[in-house]
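Same order as they appear, the protein sequences are chains A and B. For the first sequence, our numbering assigns the number 135 to the initial residue and increments by one for each residue that follows. For the second sequence, our numbering assigns the number 4 to the initial residue and increments by one for each residue that follows.
Quick caveat, the hints were computed from the structure, so don't treat them as lab data. Do not rely on the hints blindly, as some may be mistaken.
Sample of chain B residues with no beta-carbon within 12 Å of chain A, all distances over it, derived [said to hold, decoys possible]:
1) H27
2) P31
3) M48
4) A83
5) M87
Calculated cross-link-like contacts (lysine-lysine; reagent style DSSO-like; alpha-carbon spacing at most 27 Å) [as the list claims (entries may be wrong)]:
6) A:K442 <-> B:K80
7) B:K80 <-> A:K344
8) A:K366 <-> A:K188
9) A:K442 <-> B:K32
10) A:K360 <-> B:K80
11) A:K386 <-> B:K53
12) A:K386 <-> B:K80
13) B:K50 <-> A:K366
14) B:K82 <-> A:K386
Covered, in the sense of this in silico footprint (three residues per stretch, anywhere, with C-beta under 8 Å from a C-beta of chain A), are these stretches of chain B [stated by the list, open to error]:
15) 10-21
16) 32-45
17) 49-58
Each residue gets a CB set at the ideal place from its N, CA and C atoms; glycine is no exception.
Here is how the chains run, residue by residue.
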Amino acid sequence: MKNKYSIFSLVKNAFSYHENWEKAWKDPEPKKEYDAIIIGGGGHGLATAYYLAKKHDMKNIALVEKGWIGGGNTGRNTTIIRSNYLWDASAGLYDHALRIWEGLSQELNYNVMFSQRGVMNLAHNLQDVRDLKRRTHANRLNGIDAVYLNTEQVKKFCPIINTSPDIRYPVLGGTLQRRAGTARHDAVAWGYARGANEMGVDIIQNCEVKGIKRNGDSVEGIETTKGFIKTKKIGVVAAGHSSVIASMAGLKLPLESKPLQALVSEPVKPIIDTVVMSNAVHAYVSQSDKGELVIGAGTDDYVSYSQKGSHDIVEGTLNAILELYPIFSRMRMLRQWGGIVDICPDASPIISKTSIKGLYFNCGWGTGGFKATPGSGDLFAHTIANDEPHKLNAAFNINRFVSGNLVDEHGAAAVAH
Amino acid sequence: MFVINCPYCGEREQSEFKAGGEAHIVRPKQPTELSDDEWAEYLFMRKNIKGIQFERWIHTHGCRKWFNVVRDTSNDKIKAVYKMGEEPPTV
Numbered sequence: 135m136k137n138k139y140s141i142f143s144l145v146k147n148a149f150s151y152h153e154n155w156e157k158a159w160k161d162p163e164p165k166k167e168y169d170a171i172i173i174g175g176g177g178h179g180l181a182t183a184y185y186l187a188k189k190h191d192m193k194n195i196a197l198v199e200k201g202w203i204g205g206g207n208t209g210r211n212t213t214i215i216r217s218n219y220l221w222d223a224s225a226g227l228y229d230h231a232l233r234i235w236e237g238l239s240q241e242l243n244y245n246v247m248f249s250q251r252g253v254m255n256l257a258h259n260l261q262d263v264r265d266l267k268r269r270t271h272a273n274r275l276n277g278i279d280a281v282y283l284n285t286e287q288v289k290k291f292c293p294i295i296n297t298s299p300d301i302r303y304p305v306l307g308g309t310l311q312r313r314a315g316t317a318r319h320d321a322v323a324w325g326y327a328r329g330a331n332e333m334g335v336d337i338i339q340n341c342e343v344k345g346i347k348r349n350g351d352s353v354e355g356i357e358t359t360k361g362f363i364k365t366k367k368i369g370v371v372a373a374g375h376s377s378v379i380a381s382m383a384g385l386k387l388p389l390e391s392k393p394l395q396a397l398v399s400e401p402v403k404p405i406i407d408t409v410v411m412s413n414a415v416h417a418y419v420s421q422s423d424k425g426e427l428v429i430g431a432g433t434d435d436y437v438s439y440s441q442k443g444s445h446d447i448v449e450g451t452l453n454a455i456l457e458l459y460p461i462f463s464r465m466r467m468l469r470q471w472g473g474i475v476d477i478c479p480d481a482s483p484i485i486s487k488t489s490i491k492g493l494y495f496n497c498g499w500g501t502g503g504f505k506a507t508p509g510s511g512d513l514f515a516h517t518i519a520n521d522e523p524h525k526l527n528a529a530f531n532i533n534r535f536v537s538g539n540l541v542d543e544h545g546a547a548a549v550a551h
Numbered sequence: 004m005f006v007i008n009c010p011y012c013g014e015r016e017q018s019e020f021k022a023g024g025e026a027h028i029v030r031p032k033q034p035t036e037l038s039d040d041e042w043a044e045y046l047f048m049r050k051n052i053k054g055i056q057f058e059r060w061i062h063t064h065g066c067r068k069w070f071n072v073v074r075d076t077s078n079d080k081i082k083a084v085y086k087m088g089e090e091p092p093t094v
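In isolation and in its complexed conformation, chain B is listed as follows:
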């Protein structure tokens, strides 16, 4: 249980949000050219990091906007929050 600072609404309970998994997984530009291995990598393989992870969240019970969070998954401490399309910060 923790608090997330939504870039649009401010600090809210984590239960207002839904997690969207690892961030910055780029959708393939040429899906028809992809091999099975590349599809597996895109669809299923995840870093699943213990430590600093870049991830997506949506404020489901608020502004309903997607944004990015940098969080330490070993203790759930949030290091940074930034909007979609912005460069990931260095933490």
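Isolated chain A (complex conformation):
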């Protein structure tokens, strides 16, 4: 039953004090068997289920989630969206996602608050300048909007940046992608969940996967805390826990799971109307609609699933923030948290079939998965439905670690790992 959100439904529900809104998604018990099961109810998993139902005509789909949907890295990231990656394969992948973002609120009938406020990446040394200019050229050849700015233009675009030549790492320039920006992370999960639910996808929360049942070289189903569920196709979108799920099927992945931290300040009046990232000093900042500064820190260098990182990482990021934005020196930080990100050796994701028939992995997004949510779901759904990758994710197969065809995006990933 389609419950279309509109001004009319808003008025209608106002008469009942907004107490009778239909639930955006049901809370079903798992059936005995599904045509496909998605493991992981973050943005990527929900988007995968949504596009499987929408574009590939699969209706008997379940999505199982250990906790609640959108409660992992989807709810923990700094919501930055951009597509200015260096290599052709990555440009294709991330710009595919960005194009879907541009029409997503309309498509889902759900406001994901996509805001194309621009993302600026700063250069602080000669090598940064060369790298960013090269990346700008590469982007433009791939049809991605990118411009290179000199120091004065950076200052003009974001006046609160300290562009003095006297700071430890002076701002020598930067790149700007105007189509880039931010979106409301929770709304993305909820919008996809509502859309998937409407098309008959069972979203099963509080259902932890305990094992993957194999019959020789193909999958037969999953063992969960809500019992055994039979299926021939399993799509794993478990982010930091991908290796844990892989080991249940006897697979090893080229991943390391590490804590990545972020923090927000107390809310203040609008002061920064864009996203500014700096790879070299490791500081990136934007301002949420509530007025909080949203600041991203780096990863720790050790494997951990504890969802908390080291204090010195946060300290390093805040040092850099204060040098670049002295105006923030008396801001108080409100909250700080960590998420567990699964990092590939080449800082590019894996959207791939595996050596086991019917088992697919979408993982390795590392520090920058949120921006790709719609594209990742779309391409992963294609891969699962056709048992073949789409041409946009063919390069991101798991065999690249055997063939050596790595997609090295450590520069464009913009978070040190």
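Starting from the known structure of chain A, arrange chain B on it as the hints suggest.
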């Protein structure tokens, strides 16, 4: 954030150290004989365990020596520390 008991210097803040990843990955004795699959396994594939993991650390801002740590990656509790070349303890 946790404290590591360096076998040479004693207890120090984790920030003095650098993590070196999974321990006991043996360098191939005959690299020229290796297949692409074996290279991928050696270079890239990792256990990435949630639970007890054996790993290498270096005391970068101290004695600058490498050693091994047994750590529970689900809560960052360290179970044992032992020197390079020593047999891994049973925990």
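Hint check:
1. Annotated as non-interface, H27 (chain B) keeps its C-beta farther than 12 Å from every C-beta of chain A; the closest such distance is 15 Å.
2. The claim that P31 (chain B) is not at the interface with chain A holds, since no C-beta of that chain comes within 12 Å of its own (minimum 15 Å).
3. With a least beta-carbon separation of about 4 Å from chain A, M48 (chain B) fails to lie farther than 12 Å from that chain, contradicting its non-interface assignment.
4. Distance to chain A confirms A83 (chain B) as a non-interface residue, since its nearest Cβ pair spans about 16 Å, more than 12 Å.
5. Listed as outside the interface, M87 (chain B) is consistent with that label: its C-beta sits roughly 18 Å from the nearest C-beta of chain A, beyond the 12 Å cut-off.
6. Taken as a hint, the K442 (chain A) and K80 (chain B) pair is honoured in the structure, with Cα atoms around 13 Å apart against an allowance of 27 Å.
7. Pair hint K80 (chain B) plus K344 (chain A) holds up; C-alpha atoms about 24 Å apart against a cutoff of 27 Å.
8. Taken as a hint, the K366 (chain A) and K188 (chain A) pair is honoured in the structure, with Cα atoms around 20 Å apart against an allowance of 27 Å.
9. Only pairs whose Cα atoms come within 27 Å are accepted, and K442 (chain A) paired with K32 (chain B) is rejected, the gap being roughly 39 Å.
10. Restraint check: the Cα-Cα separation between K360 (chain A) and K80 (chain B) comes to about 31 Å, which exceeds 27 Å; the hinted pair is violated.
11. Taken as a hint, the K386 (chain A) and K53 (chain B) pair is honoured in the structure, with Cα atoms around 13 Å apart against an allowance of 27 Å.
12. Distance restraint check for K386 (chain A) and K80 (chain B): the Cα-Cα separation of roughly 24 Å lies within the 27 Å cut-off, and the hinted pair is therefore satisfied.
13. Restraint check for K50 (chain B) and K366 (chain A): satisfied, since their Cα atoms lie roughly 26 Å apart, inside the 27 Å limit.
14. Between K82 (chain B) and K386 (chain A), the direct Cα distance comes to roughly 24 Å. Compliance with the 27 Å bound is thereby established for this hinted pair.
15. Taking a C-beta to C-beta cut-off of 8 Å, the segment 10-21 of chain B contributes 3 residues in contact with chain A, enough for the three needed, and the coverage statement holds.
16. Using a Cβ-Cβ cut-off of 8 Å, 5 residues of the segment 32-45 of chain B lie near chain A, which meets the minimum of three, so the contact claim holds.
17. Requiring three or more residues with a Cβ within less than 8 Å of a Cβ of chain A, the coverage given for the segment 49-58 of chain B holds, as 7 such residues are present.
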